[in-house]
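S.K.: Spelled out from the first residue to the last, the chains are:
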Amino acid sequence: MTISSLEGLLTAMPGGRSFRIIKAEINTQAQSLKRFSYWTSAGAPMAGVAPTTAVIPTNATAGAFPFTNPAGGAATYIARSNIWIAGAQTIAEAEIIDRLAHMGGLNATTIGDQTVNVDVTGSSNNLASRRGATDYSDVSWYIEIYTQIGASSRVLTVTYTDSLGNPNLTHTMNIGGSQATFGAGALIPIVPTNGNRISIIQKVSLAISTGTAGNFGITAVRHLCAMHPPSGNTGCEFDWSKLGLPRVHDSACLGIISWGSGFGAGILYGTIRLVQA
Amino acid sequence: MTITVAQLQRALSKAYFLPFGHNPDFNGTTNRFSSGWIYSTLVTTQGVAPTTAAIPTDATTGAMGPLPVPTTGKTLHVGAVHCGFTSNDVGSVAMHDRLGHMGGLNGTTVGDQTVNLDISVATSNLANRRGASDYSDVQWWVEMYTNGVGATPQVLTVTYTSGAGTPGQTTTVTIGGTGFRTQSRMIQIIPANGDTISIVEKVALAGSTGTAGNFGITATRFICYLTQQQSAIGNYLFTRTMMHWSSTGLERIHDSACLMQVHQPSNNSSSSTGIKGVLHLIEL
Chain D
1 MTISSLEGLL
11 TAMPGGRSFR
21 IIKAEINTQA
31 QSLKRFSYWT
41 SAGAPMAGVA
51 PTTAVIPTNA
61 TAGAFPFTNP
71 AGGAATYIAR
81 SNIWIAGAQT
91 IAEAEIIDRL
101 AHMGGLNATT
111 IGDQTVNVDV
121 TGSSNNLASR
131 RGATDYSDVS
141 WYIEIYTQIG
151 ASSRVLTVTY
161 TDSLGNPNLT
171 HTMNIGGSQA
181 TFGAGALIPI
191 VPTNGNRISI
201 IQKVSLAIST
211 GTAGNFGITA
221 VRHLCAMHPP
231 SGNTGCEFDW
241 SKLGLPRVHD
251 SACLGIISWG
261 SGFGAGILYG
271 TIRLVQA
Chain Y
1 MTITVAQLQR
11 ALSKAYFLPF
21 GHNPDFNGTT
31 NRFSSGWIYS
41 TLVTTQGVAP
51 TTAAIPTDAT
61 TGAMGPLPVP
71 TTGKTLHVGA
81 VHCGFTSNDV
91 GSVAMHDRLG
101 HMGGLNGTTV
111 GDQTVNLDIS
121 VATSNLANRR
131 GASDYSDVQW
141 WVEMYTNGVG
151 ATPQVLTVTY
161 TSGAGTPGQT
171 TTVTIGGTGF
181 RTQSRMIQII
191 PANGDTISIV
201 EKVALAGSTG
211 TAGNFGITAT
221 RFICYLTQQQ
231 SAIGNYLFTR
241 TMMHWSSTGL
251 ERIHDSACLM
261 QVHQPSNNSS
271 SSTGIKGVLH
281 LIEL
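Chains as they are written, first to last, in my numbering: chain D, 1 to 277; chain Y, 1 to 284.
Hints listed in this document are in silico derivations from the structure and should not be mistaken for laboratory results.
Nothing here was measured: the structure is a model prediction, and the numbers come from that model.
Among the hints, erroneous ones may be present.
If you want the footprint, here are the derived chain D segments under chain Y, 3+ residues with CB under 8 Å [unchecked claim]:
no., region
1, 19-26
2, 44-58
3, 74-85
4, 110-123
5, 231-245
Cβ atoms here follow ideal geometry from the backbone N, Cα and C, with glycine treated the same way.
So here's chain Y without its partners, still in its complex pose:
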């Protein structure tokens, strides 16, 4: 289907505004990723820490939504996004589709803990939501749900099935300690040897972090990105940043997508820091 300038113009003029917001912020630490999932109290409803593996959707509590249903023959895309930060927080916000998640992992348990988070299934339109068939669009994270696991950094071995379907592959990530333990922290899992991941089977800590906490494994697909370069001047309403269609790439939002934000601050943000914005969804 060809998208003409006239079609885009019409679509933008009829955009559906999907607001989002969080207050307080996501325990921001300079350069570290934080999840908006369980800090969703300003506009978006607050998410719940999952237990067993699940495929969240736009109907899941914590998701931005519900999503509008596009007209027959049309598809939903990101036409623009704008948001602002409070306080002295400067940084970025990325929109992701939360493809799968599980929680309840323990930061003091040494040895195997079952994960079984499988995004190779077709449940909740996942076949479309996950993107490329080699799983290269999917990002995997350790996500902290309580504040937090312990102060002792430990190596976490992640056992996964590759995008090519080979089980029992492993990679490692360090969790615990300063910057890698507080509630909402997201720590990226980078598979070995350029692999992609379709299933995370289990994780195993080499030693105790010192505190059980509650962490889990999350799979997302990156949608679009927004940066704010200037600190707030008294009120975040004055410091908004907007990215229009050329920056959002007219990214497709598939049916049932569970939209969430991932925050990366430029400075350690206080508990009073918040974020508020609007996603402009258009039909093409």
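Extracted from the complex, chain D is given alone in its bound form:
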């Protein structure tokens, strides 16, 4: 079943579940117009752990919103949400994402190949539904910084398989150099310049050390919805029509990222309301 009518939505709404959001500021030096992940931020949902080898996290993974998959073929949706972003200079957007796959433990002083093998082509943990469009256009890829790496901006070559299955394609980008590219929580988009879409990231390779090993990884997410208070130290409430009533597929690993307009990622308070029908 799915919600296919306004009546269906009205009937489902009172039966929903609210999940609390309280997340500590992930990076007080976060820069504007950059994304930061709250995966390892303390609070509710509880802090996630920086991964090591590539895995497909789910709603049962520590750090995810702990919703229960519906029974009897019912579907889950985000019906409303409110978010408050605390921080005098923070005006930000908070996004709810499905964390499709991740790995960590990469070293920013290691020159040469480091294995990644993050693969979202499989069907484990309901990934076939969670990743969305068959051309992988719903999947966004990021470098995620778990522990601050070096301050020197260096070229990183990302080797990937595209959405058509062609392996060993490469994309180069820089990591290190500013809080948005070396600070804890930073998400650095991996966007192939040739318009390719990525299904697997096989390895990464640094040309020169950034100066500090840190801990970084590769994360694939699907963006579900966004909320944006009009200013720092204030809140907003988004109903289903603003959120787009996004579908949350079974086993989805729901997490939060911010996209700031100010300085500092901010402390997050709020709720998301999931309905199932």
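Once you have looked at the hints, place chain Y on chain D.
M.R.: Same frame as chain D, but now just chain Y:
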């Protein structure tokens, strides 16, 4: 039961208006949560600081109510909410069902103080009011009843029984000091390791905050949320904000629910700041 658009339309047109209001405000401090429980003097009656653990209801002094009794076969839901703030206060108001509370804890007592606030019971329709069977709908707070505990921040260890029924679990929260001591302040208790909480057994301060004050433990269930983005222009009647059914989610109000407000201001509000609004309750 299917809810049709026509049913919703009829229900909204016959909404029961439940007013609420507080003046002065709840000692608002930027980004901090404040309780409306004992600052209920404008419309809602003023609540009383509890002593031993109790399950408040809509008949408890301080609750928004009494609640209307729905027609047989119908249930009560939030159709809309609107309110306004006075002065330069901008922020949010969340409606909660106050599931359980206790007070009389001392900010200078080092070591164990008994709480025994248990919301696993069925008293006063709590089995329905608390929501999900794993207690994930329940939020737990330290609530300040006097102004306040001391100026020295101290770690408070909270010993609880998890939602799975495992007793003796612990988590910590800091109370006392700037922003965490004034009357009406609510400080969220986040259980360890993603737990939920069914019973808070006791609390223990690591050291004295410097002043006894009076604080307690409160359990609530979040109902709905309202934000106000613009400061008042001379009178709060001109700066109201309204959230309609899609924003309130048609949240169910269970029988005996003890409705209260939790405020989160965008700026430090003065003692003259107030809040006044109306909850629109509908039958579906």
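S.K.: State for each hint whether it applies.
M.R.: Hints, one by one, checked against the model:
1. 19-26: Coverage by chain Y holds here, the residue count being 3 at a Cβ distance below 8 Å.
2. 44-58: Since 3 is at least three, the answer is holds.
3. 74-85: That given contact holds, which follows from 4 residues of the region 74-85 of chain D lying within Cβ reach (below 8 Å) of chain Y.
4. 110-123: violated (count 0)
5. 231-245: Three-residue rule met by the region 231-245 of chain D, so holds; n is 9.
Violated hint: 4 only; the structure is consistent with all others.
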